[in-house]
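So the sequences go chain by chain: W and Z. All residue numbers for the first sequence refer to numbering that gives the first Met the number 0, where the first residue is 0 and numbers rise by one. All residue numbers for the second sequence refer to numbering that gives the first Met the number 0, where the first residue is 0 and numbers rise by one.
It cannot be assumed that every hint is accurate.
[As the list claims (entries may be wrong)] Straight-line Cα separation of at most 30 Å, DSSO-like style, residue types lysine-lysine; simulated pairs:
| id | chain 1 | residue 1 | chain 2 | residue 2 |
| --- | --- | --- | --- | --- |
| 1 | W | K125 | W | K111 |
| 2 | W | K243 | W | K487 |
| 3 | Z | K324 | W | K67 |
| 4 | W | K213 | Z | K324 |
| 5 | Z | K179 | W | K119 |
[To be verified] Not everything, but these chain Z residues come out facing chain W in the computed CB check (under 10 Å):
| id | residue |
| --- | --- |
| 6 | Y175 |
| 7 | Y178 |
| 8 | T180 |
| 9 | E191 |
Calculated directly from the structure, the hints in this document are not laboratory data. C-beta atoms are modelled at their ideal positions from N, C-alpha and C, and glycine is treated no differently.
Here is what each chain is made of, one letter per residue.
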Amino acid sequence: MLELRQITKRFGDVLANDRVDIVVKPATIHAIVGENGAGKSTAMRIAYGFYTADSGEILVDGHVRDIKSPHDAIALGIGMVHQHFMLVETMTVAENIVLGAEPGNTLALDIKSAASQIRKLSEEFKLAVNPNEPIEHLSVGQQQRVELLKALYRHARLLILDEPTAVLTPLEVEEFFAILRRMREQGKTVIIITHKLSEVLAISDEVTVMRDGKVVGRVQTKDTNAAELARLMVGREVLLRVEKSDPDVGRPKLEVNKLSVIDRNGSKRVNDVTFNVRSGEIVGIAGVEGNGQTELIEALAGLVDPAYIKGEMIFEGKSLNHMGARVRRELGIAHIPEDRHRRGLLLDFMLTENSILGVHYRPPITALAGGVFLDNNAIQRRADEIIQRFDVRPPNAALPARALSGGNQQKLIIGREYHVNPKLLLVSQPTRGVDIGAIEFIHRQLVALRDAGCAILLVSAELEEVTSLSDRLLIIHDGRIAGEVDPKVATLEEIGLLMTRGH
Amino acid sequence: MGFGRKVLDASFESKRMRDIFTWSLIVSVAESTIRLATPLVLAAFGGLFSERSGVINIALEGKMLAGAFTAAAVTYAADTRLGVGTASPWIGLLGGMVAGLFIAVIYAVSCIKYKADQVVSGAAINILMIGIPGFLSGALFLSSGSTPQIPKDHLLPQSPWLIALVILLLLAAISYVLYKTPFGLRLRSVGENPEAADAAGVSVSRIRYSGVLLAGVLAGLGGAYLSIGQSSLFTRNMTAGRGFIALAALIFGKWRPVPTLLACLLFGFTEAVSILLQGVYKLPSGEDIPVQFINMVPYVLTIVVLAGFIGSSRPPRALGIPYEKEK
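Generate coordinates for the entire structure from the input sequences, incorporating the hints supplied.
So this is what it looks like as structure tokens:
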């Protein structure tokens, strides 16, 4: 169906694709796996005409084709669903689906006939959506169905799906896989880009593994296993499970009492939440994104205006409610934010400067009369310490943070927050967009900090991560704690149900 | 008895007079509202196309000036050199549209092809258009800044009700294009989420060029109406910020055709009233309120409206952001 031959693509100094060969057979589900930056998305974006290759050729149905834009790819029957959905939120499902391939003539848009055609397609593939609903009213899972319909509406025979499950709950993933199998039965070919090995094994027929822009393995799914795939992806043996001993739990560090966080529209994003975190334990919060996790962590970190907060937040017996973020940090509360680009780093600043954020105003970073000047030697020393201890690569403190990969940016933030010896660590999505190798490292660091007696509150959308790291697991749904489970015995189904239904 | 009747008659007469006076006042305010709103409506509708496609159109002012000058110059030339008489304003109108288009091409290339900052290049065009008409009129007509007077019967039709009809037709056409044609769908999607449009096979730059060029034509038309409709010659900087008021009306109208038209009428109305007020009210000292002060009204309203009333107005999401296709 699709064949990439010797595709090479260079972005500046980076060789994103180095003589990549990928062969996808018709009516199969083909997984392309690899770490971030391995070049899998680049290769597929070339196949879809988003990028043009520097050299190499693309064959569709055995013929060499020149794909210069998505328009060309669509004409050849190739559709792509991007990791970040390509939907216009203010417009309806039908408008989004027909965009660029409108029915009717130039002078009149026939949205009614489009809607009926969309209904027919959604019945055929069991992709239930209402064509007249605006996108902004849909759940993420429904939006993904719109993306699939968009491709099917354009008569796509080959669907390229970039990290399609990243945004879905476990239940939605099951439904989604059923849809993919149905498509394969109908003769469609599916390429799925992912780094979740369990999903590769569950859904695909064949796997292409990429590393550092090269194809390093081609295997039949039935002949392989997670350990082998991980080894191919990373290039060394990887520990897939987190190893940790039983927690040595101390006194409660953080007590949250009937906490509510209200947004500007007056609705409760966090609703009457009560829990505590004791020193020496990791308390996990699992939930579908957007159920109040962000607001909860930001309230605890001091990033929410107290006027929007009800209830109590108590740290070591002191109320945090009216303390600013700086005071909280001085008490020993560290925060690893979910969005490292927005809250964690100044991307265009050097690693040295980024490594002192939060302590930039006090000795030993400042010198002379308690803090008039920045002490460049102290800053350099601190940055070097963090880079060395947390294996930040490349180890050059003069680089801007932007030049680092996601995993290395995250290691820098973690190093910075660890450096103040926190008593309570608030950490959100610690391994989002981070490579398997670095994930392993970050997980070990979190467990080490726990063992050193720190209280850790962990929010993660990765169910496997939050269950394997946590000592206690709270499930949040619609701003409320829907339940607490013992992560050692709870099943993923049980947790998934609490995440979606809330009881 | 007779005396009483006379008084009664007089008061009846004066009431009738007052009614007639009030009615004619309303009509005259309505007519001048339409007349004064027309250039705003044309420019704002142009801005609508440009901004819904994601390109800020701060250069409306400059395009109006280009349209106004060219229309006046062409009309005068057609009148005196070609002797086409009453056809000359129509040639002038066409000239104004072409001038707006020409400026729009420059703006579009810098903003879309070269991804220049839209506010900065728009401002540059506005400044350029303060100077160029003056320079050209000096070269062509040996005057400093204005074009020669055009005879009254060689101007565009003035009837406010005819103009109102044209505006309503234009409104219908624009609404239809925006909401009922594939082009409109693409235009709106490109302004909201160009990545999505690109992924769907829509050429973002082609749509944006169309939006900006349409804006140029309509703004040029608005400028032309100013010089060869409302007035009979081009004078230096004669738009006096109307391009910006049109932009304000567009924002006040939430980038939608009908509310934008209503916002333009509101601004036209304040201008009409401010003209009416000149010399009517006196300061306590007995002097007239300075004209300059009354002329401020539409501009003050612009600030008040934009600062206070549009809290919920949401611009097209990609407005002002050049689309960078990853290479």
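Going down the list of hints, with the structure as the test:
1. Our distance criterion of 30 Å between C-alpha atoms is met by K125(W) and K111(W), whose separation comes to about 20 Å.
2. For the proposed pair K243(W) and K487(W), the alpha carbon gap of about 12 Å is at most 30 Å, so the pair holds.
3. As the CA atoms of K324(Z) and K67(W) are separated by approximately 13 Å, the hinted pair is consistent with the 30 Å bound.
4. Distance restraint check for K213(W) and K324(Z): the Cα-Cα separation of roughly 24 Å lies within the 30 Å cut-off, and the hinted pair is therefore satisfied.
5. Restraint check for K179(Z) and K119(W): satisfied, since their Cα atoms lie roughly 23 Å apart, inside the 30 Å limit.
6. The criterion of a C-beta within 10 Å of any C-beta in chain W is met by Y175(Z), whose closest approach is roughly 9 Å, and the hint holds.
7. At a threshold of 10 Å, the smallest CB-CB gap from Y178(Z) to chain W is about 8 Å, leaving the interface hint in force.
8. A hinted interface residue such as T180(Z) counts as satisfied when its beta carbon comes closer than 10 Å to some beta carbon of chain W; here the least separation is about 5 Å, so the hint holds.
9. Satisfaction of the interface hint for E191(Z) is found here, the shortest Cβ-Cβ separation to chain W being roughly 5 Å, below the 10 Å cut-off.
Checked against the numbered hints listed earlier, the structure breaks none of them; every hint is satisfied.
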